[in-house]
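Asks: Here's the letter readout for the chains.
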Amino acid sequence: MIMRDEREIAMLRRQFDRLGMTVTAHDPAAVSPPPGEPVDVIVLDADSVPIKSDSRALWKVDAPIIALIGTETPSRLKWLLDLKPASFLIKPLRSAGLYTALVVALDCAQRRLDEAAHLERLEDRIRSRRVVFAAVLQMMRGHDLSEADAFSLIRQTAMRHRTTIEQLSAEIVAAGGMPHRTSRTA
Amino acid sequence: MKKPSIPLGLVFSQSGPYAMMAGEMQKSALMAIDEINRSPEFDFGFAPCLRDPRGVVAAYHTACDDLIREERVDHIVGCYTSASRKQVIPIVERTERLLWHPARYEGFESSENVIYVGAAPNHTVVPLVRHMLDHISSDVFCIGSNYVWTWETNRVIREIVTSAGGRVLAERLLELGETAIDHIVREVIDRRPPVVFNTLVGESSYAFVRVLHEATTRAGLTIPMLSCSLCEPELKLIGSAASAGCITSSAYFESIAGAENRAFVARWKARHGADSNPSVDGQSTYVCVMLLARAIRRAGSADVAAVRRAAANHRYDSPQGPVWVDPDNNHCFLTPRLARVVPGCQFKIFWEADAPERPDPYLSRLDLAAVGTRLEKSNDAAAKRPTHLRLVK
Numbered sequence: 001m002i003m004r005d006e007r008e009i010a011m012l013r014r015q016f017d018r019l020g021m022t023v024t025a026h027d028p029a030a031v032s033p034p035p036g037e038p039v040d041v042i043v044l045d046a047d048s049v050p051i052k053s054d055s056r057a058l059w060k061v062d063a064p065i066i067a068l069i070g071t072e073t074p075s076r077l078k079w080l081l082d083l084k085p086a087s088f089l090i091k092p093l094r095s096a097g098l099y100t101a102l103v104v105a106l107d108c109a110q111r112r113l114d115e116a117a118h119l120e121r122l123e124d125r126i127r128s129r130r131v132v133f134a135a136v137l138q139m140m141r142g143h144d145l146s147e148a149d150a151f152s153l154i155r156q157t158a159m160r161h162r163t164t165i166e167q168l169s170a171e172i173v174a175a176g177g178m179p180h181r182t183s184r185t186a
Numbered sequence: 001m002k003k004p005s006i007p008l009g010l011v012f013s014q015s016g017p018y019a020m021m022a023g024e025m026q027k028s029a030l031m032a033i034d035e036i037n038r039s040p041e042f043d044f045g046f047a048p049c050l051r052d053p054r055g056v057v058a059a060y061h062t063a064c065d066d067l068i069r070e071e072r073v074d075h076i077v078g079c080y081t082s083a084s085r086k087q088v089i090p091i092v093e094r095t096e097r098l099l100w101h102p103a104r105y106e107g108f109e110s111s112e113n114v115i116y117v118g119a120a121p122n123h124t125v126v127p128l129v130r131h132m133l134d135h136i137s138s139d140v141f142c143i144g145s146n147y148v149w150t151w152e153t154n155r156v157i158r159e160i161v162t163s164a165g166g167r168v169l170a171e172r173l174l175e176l177g178e179t180a181i182d183h184i185v186r187e188v189i190d191r192r193p194p195v196v197f198n199t200l201v202g203e204s205s206y207a208f209v210r211v212l213h214e215a216t217t218r219a220g221l222t223i224p225m226l227s228c229s230l231c232e233p234e235l236k237l238i239g240s241a242a243s244a245g246c247i248t249s250s251a252y253f254e255s256i257a258g259a260e261n262r263a264f265v266a267r268w269k270a271r272h273g274a275d276s277n278p279s280v281d282g283q284s285t286y287v288c289v290m291l292l293a294r295a296i297r298r299a300g301s302a303d304v305a306a307v308r309r310a311a312a313n314h315r316y317d318s319p320q321g322p323v324w325v326d327p328d329n330n331h332c333f334l335t336p337r338l339a340r341v342v343p344g345c346q347f348k349i350f351w352e353a354d355a356p357e358r359p360d361p362y363l364s365r366l367d368l369a370a371v372g373t374r375l376e377k378s379n380d381a382a383a384k385r386p387t388h389l390r391l392v393k
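First to last, the protein sequences are chains A and B.
With the first letter of the first sequence counted as 1, position 145 gets the number 145 in the working numbering; the numbers rise by one all the way through.
With the first letter of the second sequence counted as 1, position 155 gets the number 155 in the working numbering; the numbers rise by one all the way through.
Mixed in with the good hints, there may be bad ones.
Stretches of chain A that chain B covers, calculated by requiring three or more beta carbons in the stretch to come under 8 Å of a beta carbon on chain B [said to hold, decoys possible]:
no.: 1; region: 6-20
no.: 2; region: 119-128
Chain B is nowhere near these chain A residues, computed Cβ spacing over 10 Å in every case [said to hold, decoys possible]:
no.: 3; residue: Met3
no.: 4; residue: Ala29
no.: 5; residue: Ser48
no.: 6; residue: Arg111
no.: 7; residue: Asp114
no.: 8; residue: Phe133
no.: 9; residue: His143
no.: 10; residue: Ser146
no.: 11; residue: Glu147
no.: 12; residue: Ala148
no.: 13; residue: Ala158
no.: 14; residue: Arg160
no.: 15; residue: Ile165
no.: 16; residue: Ala175
Read the hints as simulated data drawn from the structure, not as lab findings.
Glycine included, each C-beta is placed from N, C-alpha and C at the ideal position.
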């Protein structure tokens with residue numbers, strides 16, 4: 001909890017206790033993220049941090065952030081958006097609402113992780129397109145195949161060896177032809 | 001000498017779909033108020049201010065607003081459904097009053113301005129599902145009313161049953177008050193599930209239990225039924241033969257053996273007639289008023305903050321046994337019990353917790369691994385399933 005108001009801290013602490021979570025409170029004036037154990041979620045009182053500060057530099061952490069919002073000015077909200085909050089709570093705080101904010105924040109964080117992993121896989125594929133293209137060319141030349149047949153051969157071989165087209169293509173380019181494998185598993 | 005009177009708001013619907021239970025609750029509140037008003041142990045009395053929202057959700061807001069402004073009450077005892085409680089919470093929070101809530105509910109709430117005297121889900125559904133897994137089956141057919149209590153109870157059942165390698169065979173929902181249940185009874189007879197979990201309320205439940213009993217008798221089947229809500233007055237409406245055998249989880253049954261309960265039942269029958277029976281929600285409403293009176297006596301004032309502090313951890317030996325408010329979440333320590341309906345519309349208790357159990361409205365202390373012990377032997381339904389299925393999500 002990166003918050004200043006003692007009453008709000010006490011209220012959220014009670015609610016977190018009910019949910020079986022452990023909490024630590026940190027001073028918003030601290031310039032760097034709180035050291036220590038990694039946390040699952042951060043509650044940040046947006047009003048307690050000067051708007052001039054660079055929000056992303058301030059709290060460069062992977063944990064999802066639940067923003068507590070009191071001031072709804074566009075300048076504050078703009079600052080908040082840079083922080084990419086996973087969910088939020090509008091002040092004044094009540095005992096109801098935190099559980100929902102928490103569930104949404106954790107779900108949002110999980111989706112972001114899944115999406116980042118998915119994106120990385122796609123980028124890997126794009127990066128290896130040049131290699132696949134080179135392997136197809138090699139097969140076309142070496143075995144006098146059409147482009148479609150050459151690709152089909154690489155795909156089927158990759159499937160048989162239980163590897164990816166990209167991985168096999170890299171091996172073809174490195175070996176100057178279809179590598180000889182004794183094992184069926186990559 | 002006349003004692004000073006503290007105004008106490010009572011908000012129970014005397015008509016509408018759940019008027020029967022709310023009527024029992026109002027009767028019980030008035031009984032507790034009379035006892036306090038006559039008791040020399042309290043140097044104050046309560047002046048009940050009755051409001052009847054007639055089962056209309058929006059009317060609860062108006063009723064409580066009126067009680068707070070016009071009658072100047074600090075404390076309100078009332079609400080049966082979660083929908084009505086959610087209407088009242090914003091008012092009691094804004095005006096810093098206390099709602100004393102008698103009914104069991106599905107959890108996932110903890111207002112500073114509500115004292116939850118009814119059972120939390122760890123008191124009701126969890127012990128019942130544990131019993132089902134240990135002694136009946138890990139495959140269950142669920143039928144309930146289409147509202148929040150059933151939705152959340154079914155989710156808990158599914159979570160526990162799935163982690164134990166069992167299956168929810170079906171989840172059938174009926175609109176509140178719906179009594180056309182033949183198609184579901186037919187499905188139960190056709191599929192012959194090892195157990196039926198009933199979270200229907202009111203007339204829907206009575207009709208279902210009756211029609212299913214007729215159908216199973218005709219088909220020569222025995223299908224155990226589980227419930228978290230059936231109580232003695234409802235068994236009478238269902239009928240002795242049809243309700244017999246049903247297994248119910250509750251913090252209160254009329255058949256609890258303790259001296260406090262025997263005396264309570266005797267006072268109840270003296271007041272309401274020998275044929276009348278107290279119920280879990282009625283008894284809980286009685287406990288609400290008693291907890292409030294004790295807290296006011298201890299605080300020396302009806303002031304909300306002082307009463308809340310005085311109620312915390314203050315043990316009351318109630319008809320259902322020792323009860324006290326857990327200040328961590330404003331819910332109550334209660335003793336969970338399981339009972340089987342016996343002929344004559346009574347419950348025979350066959351299990352109760354060793355001690356009052358800490359309330360866990362968010363089920364944050366639910367240990368699925370500990371609950372999910374499976375049936376190992378002597379049950380065909382379980383034996384047929386290979387054990388590795390436990391790993392299947």
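Asks: Looking back at the numbered hints, which does the structure fail to meet, lowest number first?
Replies: When the structure is compared with the hints, only number 2 turns out to be violated.
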